[in-house]
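As you go down the protein sequences, you meet chains A and B in turn. FYI, the numbering for the first sequence is 101 to 342, going by the working numbering. FYI, the numbering for the second sequence is 119 to 387, going by the working numbering.
Heads up, a few of these hints could be off.
Here are the simulated lysine-lysine pairs, BS3-like style, with alpha carbons at most 25 Å apart [unchecked claim]:
(1) A:LYS146 with A:LYS322
(2) A:LYS157 with A:LYS146
(3) A:LYS291 with A:LYS322
(4) B:LYS184 with B:LYS382
(5) A:LYS146 with A:LYS278
(6) B:LYS366 with A:LYS322
(7) B:LYS302 with B:LYS292
(8) B:LYS159 with A:LYS278
(9) A:LYS162 with B:LYS129
(10) B:LYS366 with B:LYS143
(11) A:LYS291 with A:LYS127
(12) B:LYS302 with B:LYS244
(13) A:LYS166 with B:LYS134
(14) A:LYS166 with B:LYS131
(15) B:LYS184 with B:LYS159
(16) B:LYS165 with B:LYS252
(17) B:LYS244 with B:LYS292
(18) A:LYS166 with B:LYS129
(19) B:LYS134 with B:LYS159
(20) B:LYS131 with B:LYS186
(21) B:LYS143 with B:LYS367
(22) A:LYS291 with B:LYS366
(23) B:LYS367 with A:LYS291
(24) B:LYS244 with B:LYS301
(25) B:LYS184 with B:LYS301
(26) A:LYS278 with B:LYS252
(27) B:LYS302 with B:LYS159
None of these hints come from the bench; they were simulated from the model.
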Amino acid sequence: MSPKPKKKKKEWKRVDDREWNELRPIKIESGVLPNADGSAYIEMGKNKVIVGVFGPKEMHPKHLAKPHMAVLRCRYHMAPFSTDPRRSPAPSRRDTEISMVMRHALEPAIFLERYPRSAIEVYAEVLEADGGTRCASLNAASVALVDAGIPMSDLVVSCAAGKYDGRLILDLGDYEDKMGEADVPVGYMPKLGKITLLQMDGILSPEELEQCISLAMEGCEKIYELQRESLKKKYGTEKEEK
Amino acid sequence: MRLSRYGIVPKLKRRKIQEAIASGKRMDGRGLEDLREIVIKTGVLEKAEGSAEVHLGSTWVLVGVKIKVGEPFEDTPNEGVLICNAEFVPIASPAFEPGPPDENSIELARVVDRGLRSAEVVDFAKLSLISGEKVYVIHVDLYILNYDGNLIDASAIAAIAAMRNAMKPVYEVKDGETVLTEKKEQLEVRGTPVAVTMVKIGDSIIVDPSADEEEVMDARLTMTVDDDGKICAIQKRGSEGLSLDEIKKSINLAIEKAPEIRSKVTGSG
Numbered sequence: 101m102s103p104k105p106k107k108k109k110k111e112w113k114r115v116d117d118r119e120w121n122e123l124r125p126i127k128i129e130s131g132v133l134p135n136a137d138g139s140a141y142i143e144m145g146k147n148k149v150i151v152g153v154f155g156p157k158e159m160h161p162k163h164l165a166k167p168h169m170a171v172l173r174c175r176y177h178m179a180p181f182s183t184d185p186r187r188s189p190a191p192s193r194r195d196t197e198i199s200m201v202m203r204h205a206l207e208p209a210i211f212l213e214r215y216p217r218s219a220i221e222v223y224a225e226v227l228e229a230d231g232g233t234r235c236a237s238l239n240a241a242s243v244a245l246v247d248a249g250i251p252m253s254d255l256v257v258s259c260a261a262g263k264y265d266g267r268l269i270l271d272l273g274d275y276e277d278k279m280g281e282a283d284v285p286v287g288y289m290p291k292l293g294k295i296t297l298l299q300m301d302g303i304l305s306p307e308e309l310e311q312c313i314s315l316a317m318e319g320c321e322k323i324y325e326l327q328r329e330s331l332k333k334k335y336g337t338e339k340e341e342k
Numbered sequence: 119m120r121l122s123r124y125g126i127v128p129k130l131k132r133r134k135i136q137e138a139i140a141s142g143k144r145m146d147g148r149g150l151e152d153l154r155e156i157v158i159k160t161g162v163l164e165k166a167e168g169s170a171e172v173h174l175g176s177t178w179v180l181v182g183v184k185i186k187v188g189e190p191f192e193d194t195p196n197e198g199v200l201i202c203n204a205e206f207v208p209i210a211s212p213a214f215e216p217g218p219p220d221e222n223s224i225e226l227a228r229v230v231d232r233g234l235r236s237a238e239v240v241d242f243a244k245l246s247l248i249s250g251e252k253v254y255v256i257h258v259d260l261y262i263l264n265y266d267g268n269l270i271d272a273s274a275i276a277a278i279a280a281m282r283n284a285m286k287p288v289y290e291v292k293d294g295e296t297v298l299t300e301k302k303e304q305l306e307v308r309g310t311p312v313a314v315t316m317v318k319i320g321d322s323i324i325v326d327p328s329a330d331e332e333e334v335m336d337a338r339l340t341m342t343v344d345d346d347g348k349i350c351a352i353q354k355r356g357s358e359g360l361s362l363d364e365i366k367k368s369i370n371l372a373i374e375k376a377p378e379i380r381s382k383v384t385g386s387g
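Modelling step: build the complete structure from the supplied sequences, incorporating the hints.
Take a look at the structure:
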């Protein structure tokens, strides 16, 4: 059993001097793309992701339309200059998988059944990557969906926790992800208490895994506030919920 | 669950399956946490360096492991290469179509790969021949022959069984060239990670879903468990969320079920 992260021990610092449970600085802006129905830009540490949402719109090709609900389409894509070295602009197998898990993470939040025969498209473009791009993309996608006026039961917030140097940490950077023992990205709907994205690579004991998920959920709660802020900024004062 | 997300036939099917689950039984008579019968045959192919065939109920997966010499990845010049690929051949289901791998087959290959890699089943440093130039490349090709749900668990079993069964052709380095020798040696495989897939239907979590159960599920969760009872890969899919309690329950279920599957693999020779 590895030790739990110690709050008091000051001398241990992360590679970027963060506390074990500290998020990287986050900046979210909504409504950044004039031609998209909804959009958002996020900076999560050195990650830079821009998301555009189109729809609800007519489904093409028509035979893929569902008679009783909208089809959500997600594309996660990394710009050729987003990583070192340059990556091919053709979708990689990783991109395809992340596009799929993003779709599964967002679907629970959207009232797709309100738009039969239609399509809702979410395009996430990673402009700069530094570990945690799927989480950053999801955070921006939720905001962009709201910006597009798509009815949702909650925002989907995403954040990773993991293990590096024997300690459990929040919001892994690229170095911590590559050199660390485990990475657990979590997608979460705070108001509904539902986890919509869960993946892991690396090795964790069941106890550590549960702690990581809880830690990531705490991180999500903080990002949730920032998402709401970004929407309030554009749409003025939010009406109090009942 | 918003039932309006289903077409009429799946809706009826879902109701039937839910009724069965409510009574503690599944459509095929299994209990909620029971696995289907697992039959593993290894060494079924002659041309492949390692092979295994797995029947999980009527899900049927064939895995061939090919080992050859190739170039390392740029960022790991002194390490061997492991590549997992999955083929959903059209004979496996009327729903499968010929063509390039879709997101389902990419996901399957990547989840199986993640389990093998995280559990460090091969020591990549030992598979280097000439630094930066020549390393052993292990191809694990998952071939789906019949689909009746839970391809991940069946494929993970078949992949590790085929790797344990694999004989590596021995290469020698002579004057900066790799030369194939007559010798073959057992591929060194450490540990037996096994995947345990569970699906949520309504308020219940069931293990080893059939195709019908997967069709009407709310969410699916796969946990790969290593020999020490630690988790080495997770994948969630499906268009509903899971509560933290449901995830905790799934972790425990996976750890409880993994040894049962592992004993089949280690017992298959």
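*Would you check the hint for LYS159 of chain B and LYS278 of chain A, treating anything up to 25 Å between C-alpha atoms as holding?*
Given pair LYS159 of chain B, LYS278 of chain A is violated - Cα atoms ~36 Å apart, limit 25 Å.
*Restraint status (C-alpha distance of LYS165 of chain B to LYS252 of chain B at most 25 Å)*: Answer holds: LYS165 of chain B to LYS252 of chain B is near 22 Å, not above 25 Å.
*Sort out whether LYS252 of chain B lies within 25 Å of LYS278 of chain A, counting only the CA atoms.*
holds, 24 Å
*Holds or violated: LYS146 of chain A to LYS278 of chain A, with C-alpha atoms at most 25 Å apart*: holds, 16 Å
*Hey, LYS244 of chain B versus LYS292 of chain B, does the alpha-carbon distance stay inside 25 Å?*
holds, 18 Å
*For the pair supplied as a hint, LYS131 of chain B and LYS186 of chain B, confirm whether the alpha-carbon distance does not exceed 25 Å.*
violated, 47 Å
_Hint check: LYS184 of chain B vs LYS159 of chain B, CA-CA at most 25 Å. Holds or violated?_
With a Cα-Cα distance of about 17 Å, the restraint between LYS184 of chain B and LYS159 of chain B holds, given a limit of 25 Å.
*Quick one, are LYS244 of chain B and LYS301 of chain B close enough, alpha carbons at most 25 Å?*
With Cα atoms ~17 Å apart, LYS244 of chain B and LYS301 of chain B stay inside 25 Å; holds.
*Taking 25 Å as the top limit, are the C-alpha atoms of LYS184 of chain B and LYS382 of chain B close enough?*
Answer holds: LYS184 of chain B to LYS382 of chain B is near 23 Å, not above 25 Å.
*Under the criterion that the straight-line Cα-Cα distance not exceed 25 Å, is the pair LYS162 of chain A, LYS129 of chain B satisfied?*
Distance ~23 Å between LYS162 of chain A and LYS129 of chain B Cα, so the pair holds.
*Holds or violated: are the alpha carbons of LYS157 of chain A and LYS146 of chain A at most 25 Å from each other?*
Violated - the C-alpha atoms of LYS146 of chain A and LYS157 of chain A are around 33 Å apart, more than 25 Å.
*Verify the proposed pairing of LYS184 of chain B with LYS301 of chain B, using a straight-line Cα cut of 25 Å.*
holds, 16 Å
Hint violations for this structure: numbers 2, 8, 19, 20, all remaining hints satisfied.
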